[in-house]
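Whenever a hint applies, use it, and build me the whole structure from the sequences.
The listed protein sequences correspond, in order, to chains A and B. Heads up: the first sequence at position 166 corresponds to 166 in this note's numbering, and the numbers run straight through without jumps. Heads up: the second sequence at position 45 corresponds to 45 in this note's numbering, and the numbers run straight through without jumps.
Here are the simulated DSSO-like cross-link-like pairs (lysine-lysine), alpha carbons at most 30 Å apart as the crow flies: (1) Lys72(A) <-> Lys39(B); (2) Lys60(A) <-> Lys30(B); (3) Lys15(B) <-> Lys72(A); (4) Lys196(B) <-> Lys211(B); (5) Lys257(B) <-> Lys158(B); (6) Lys158(B) <-> Lys196(B); (7) Lys38(B) <-> Lys90(A); (8) Lys68(B) <-> Lys38(B); (9) Lys101(B) <-> Lys72(A); (10) Lys39(B) <-> Lys68(B); (11) Lys16(B) <-> Lys160(A); (12) Lys72(A) <-> Lys160(A); (13) Lys158(A) <-> Lys143(A); (14) Lys16(B) <-> Lys60(A); (15) Lys90(A) <-> Lys49(A); (16) Lys160(A) <-> Lys30(B); (17) Lys90(A) <-> Lys39(B); (18) Lys143(A) <-> Lys48(A); (19) Lys120(B) <-> Lys15(B); (20) Lys30(B) <-> Lys16(B); (21) Lys72(A) <-> Lys30(B); (22) Lys90(A) <-> Lys30(B); (23) Lys72(A) <-> Lys120(B); (24) Lys60(A) <-> Lys39(B); (25) Lys15(B) <-> Lys160(A); (26) Lys72(A) <-> Lys6(B); (27) Lys60(A) <-> Lys38(B); (28) Lys49(A) <-> Lys163(A); (29) Lys30(B) <-> Lys281(B); (30) Lys16(B) <-> Lys39(B); (31) Lys152(A) <-> Lys163(A); (32) Lys68(B) <-> Lys72(A); (33) Lys72(A) <-> Lys16(B); (34) Lys281(B) <-> Lys211(B); (35) Lys16(B) <-> Lys158(B); (36) Lys154(A) <-> Lys60(A); (37) Lys38(B) <-> Lys72(A); (38) Lys68(B) <-> Lys60(A); (39) Lys15(B) <-> Lys196(B).
If you're looking for bench data, these hints aren't it; they were derived computationally from the structure. Just so you know, these numbers come straight off a predicted model, no measurement behind them.
These are the residues of each chain, in order.
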Amino acid sequence: MSEQQLSITIRRLASQVLENNDSISNTVIIGLQPRGIYVSDRLVNEIKKQLPGVAVQYGKLDITFYRDDIRKELHIANQTDIPFSLEGKKIVLVDDVLYTGRTIRAALDAILAFGRPENVELCVLIDRRFSRQFPIQPDYTGKAIDSIISQKVKVFWKEKDGKDEVALLE
Amino acid sequence: MSLSTKHLLGIRDLKKEDISLILQTAEQFKEVLQRPVKKVPSLRDIVVVNLFFENSTRTRISFELAEKRLSADTVNFTASSSSVSKGETLLDTVNNILSMKVDMVVMRHSASGAPHFLAKHIPAAIINAGDGINEHPTQGLLDALSIRERTGSLEGRKVAIVGDIMHSRVAQSNIYLLKKMGAEVTVCGPPTLIPKYISQALGVNVSYNLKETLEWCDVANVLRIQLERQNQVLFSSLREYNLAYGISRQLLDSLHKEIVIMHPGPINRGVELDSDVADSKQSIILQQVENGVAVRMAVLYLLANRNN
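What follows is the structure in structure tokens.
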């Protein structure tokens, strides 16, 4: 996926999110640390572009403390920044790659610590279907790909990696 | 990235990176403690026993809260109401507890080196919650977090530790930590309460003049006079100690700058700190207590997965 395709896809995802959330004032975009925030940053920018002058509520969530593999491996936490209550809000969770579904499982748990939302939707840039270990599916998909376990999906971002690109590594 | 040690016995055994990692993780836990639901499931299924062979209010409550906010299962033990009073040895007591499948031990003991002894003999991760006059590592860490929060960084910071240096594990842990993180340290107190070779051994400045020390420092960490550990007369009276080394409002106002006042608690009001200093805006004593829970959550979290 090239830089141009990527920006077209983000634009479409933003339009789809707006289509389903006509009153954006009650919707909250939540990017997942560490790499989902690059998608959510752009998604939020795009939403602002399509709806100029409208405030978009945007938070960042780190799910490290909610992982299910604490006995196996130590993970270092990133910053969580959700300075508002999620009580009664419509939430759009944003991540870069949806793979086993374990991160989203943890994120659903984590979100409940900030209040009881009205509903939660999932938006991912890349959906690796057929690799799921939990019954979790995205509501907004940038691109769905069929990949085998030994392959890796890597999303590069200009801010961090110097280029915008999605690559399937063998 | 993970800690270079399996236990937290003292700051002396930690590397600079370990300290940074603990402080960084503690900051994330501080955010968790601001949420409507202040509990995370990280240590679900981990059993922690709190072994307190010596009295404690703050530290024990702080550890217990930290464990509960991490969803760990906790067992409490206090020496006075246990079989220790029937003559059981430390190792026997702990082995009996461990045979009930305990993952981590938080221990306070009046004998210096007690947690180090245990670490050699049992497989659980041990966190030292204060051993005799040796170390109190989580206090050192929470003091560092509080200093960093208030003043921006530890590097180059001038910190005075005032009072009973001789009998203070808090002083020792603070000195090790601050030196490792690049701060300058001056210890100040009556000559009878400062170990003779501390300057050579730990690389700190020594001063017997309180006003000069306060004029020099950015932060003053004031210690409690530990009467329970003094088995000989080391100063003539508490009243006289207060006159020479107690911090009063008047003394603080006479300085040419505003310094930050810290105290590990419990405070002897009117001895080392006067009330109008302890309760002033310059004092961050209650922030220290708040940071204690976050720091202990970080230590428990970072050591929890190491005993498979």
